[in-house]
Amino acid sequence: MPIDINWQLLMPELVIGLTLLLVLVFDMIDSLSKTVLGWLTIVGAGIALWVSVTMRLDSTYGITFGGMFAVDGFSVFFNIIFLVSTMLVSLISINYLRGDSADRRRERRQGPYYLLILLATLGMMLMAAGNELIVVFLGLELMSLSLYVLAGYFREHAVSSEAGMKYLLLGAFASAFFLYGIALLYGGTGTTSIPAIATVVASGSPSPLLLAGMFLLIVGFGFKVAIVPFHQWAPDVYDGAPTTIAAFISAGPKAAGFAAFLRIFTEALQHLQPEWGGVVILLAMLTMTVGNVLAIAQTNIKRMLAYSSVAHAGYVLIGVAAANREGISSAMLYLLVYCIMNIGAFAAVILAKTSAGERLTLSDYAGLGFRKPLLALFLTVMLLSLAGFPPTAGFVGKFYVFKSAVQAGHIWLVAIGAVNTAISAFYYLRVVVTMYMREPAGEVDVSPYPRTLVVGLVLAAIGVLLIGILPSLVFDAAQNSGL
Amino acid sequence: MLELEYYLILSALLFTTGVIGVLVRRNAIIIFMCIELMLNAANLAFVAISRSLGQTEGQVFVFFVMTVAAAEVAIGLAIIVSVFKHRQTINVDEVNSLKG
Amino acid sequence: MEFTLKTLIFYGFALLTVASGIVVVTVRNIVHAAFSLMVTLFGVAGLYVFLQADFLAATQVIVYVGGILVLILFGVMMTSGRLEMRIHIERGQLLLGAVVAIALLMLLLAVIANTPQWKNVADDGTQLQPTTESIGTLILNGQFLLPFEVVSVLLLVALIGAALISRKEVRE
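Chains as they are written, first to last, in this note's numbering: chain A, 1 to 483; chain B, 1 to 100; chain C, 1 to 172.
Since the hints were derived computationally from the structure, they do not count as laboratory data. Quick reminder that beta carbons are idealized off the backbone N, C-alpha and C, glycines included. Some hints could be false.
[Stated by the list, open to error] Covered stretches of chain A, as calculated for chain B (at least 3 residues, CB under 8 angstroms): (1) 157–164; (2) 168–176; (3) 404–411.
Build the full structure now, drawing on both the sequences and the hints.
Here it is as structure tokens:
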């Protein structure tokens, strides 16, 4: 029986695929500046974003490809998150990659960089829309394989290669757990289709095989989205990978991991919520607390952002633990906000670089507020948002997540979340204080701002403030997109 | 009479062996081999389950997993070799420019 | 369970697979580990035959043994140069690995033992049916078209990625 395919539902993926091919072809034209490829990526992702938003507004939803691919409010909303992240990251990459433009050889390798970013984006979109565990698994692998290579992109630097290797070994380990979990789920229910699993689970008492599979899936996801106690790779990889890729890994892929997690656990395994709810609450507490406490101890700003991103996964888990409609939509909103502000923070870190290299330790930021007031201002906005101060998007995200948890009756979880927010404010504000209150230690360094980086940072700041002041803009969209 | 149970026990043994290997061994290539063991264990479970259900879907799944494993090994070895060029070692504990 | 020749062969394959798997994990010499892995992969292929998955058994031998294992051996050659590689294992790590793994194994075995009503999967009197055709139909004509396309993209990633990382720089 030949299956019918509704191509209209696949438009965002097709646009990304077409962009991919164009980048591949243009990369072969030697006379063309490689910067064009970056712009092409941005334009392609932009068109896909526009298509996704249109689909969201027109509610062009449906299931296609023989029930394998589900386009619903949920997957379209996540597509928007991924595409926004991809655009921002490509934007800040254009100048970052040209940083040492004296190196012609590195210039030549920009083509694969954008190709892999697009391929990773495609993988994320498949993870969010996969209606069958195999599609989710393949999407996950597509994304992960691209990211392993991107983490090791600066192959002339040992740290970058090592980051790639560490990410690869732990990522493949996690994938194996994930796969075994799928196998046990298949054994427990006799199917790998998510709606069919939901039907089987709803119809009777769960087989032990199903519960073990669920446990293994949590371990696999835990590694992929860096939940404590599976987070150890994150700081090393963020530290060693190119900074733009650290921003990318911390944003889109984390959202994609949660997208698949939400789809599998709140749709397929919805009736097992009593079984997994407790585990998720425990993981949320652990993740927030350990992430924030370890972040305090960091003096390297990339590692600090890495631990802070671990902690932010904990806040998202609060929404997941609530597992009601509000919980899911608040987690989605939080992920969108988090992606924008985190990429913004990384962009500011790249912009703060001096001729000697990136400013990575905290003391490098002393006096930045006087030397580069505008940059310091933007970095402050990002850090305040990450800490969750009003009127930024970070506050809105936390507010809705906590609200959903209160509705679900998880008062203790909210209390721990609030304490953690206070802890996190300490290390975010420490950077701000260092920038404005401490005297600069070394020479004055005035280097011109790379243009696309500035544009990326300004866009992120606008996004953060806009969502912060007018939260209903996106919250309504998120609320209508829950599963 | 060979029941599904025996295949699943076998697959669990193989999977656990792989997990021990990843946790205990320090050589990146051996860790990779252990991950292959884990993938094979999962594949075995898929085939056995699909056989007991009388389906072919599980076998298709395994077919895809094999492709994924091949792609993973290709990229993995490229990265491992590039680390080796820098460090002259692929012992995970000695690869520590990144302080954990 | 009555001991027929068939069950004896099954146990032979099972023992071979697990034992060589354990050798992969424990042996010091990395080349020995790779060859031991080959035995495991062959053992799994044999079990596929038992499960009447003829196509997968052939693919297992071609892709895993013929492709992946050879690639791994190349990796061994390119990274060590010398064949011996002494590996020192710390006691703490060993302990942690053992505890985690035994806990996992216990969990899995308990689960498998507690799942009722296993169906008989072999020796049920049915003739061996070739599976190649039904797999091909499922992939190309039926519901598994999307994963098939995704897998092709995945191989593109492997191609681009491996080339990016290991391609020699062209001198200007």
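Original post:
Broken hints, numbered, in rising order?
Top reply: 3
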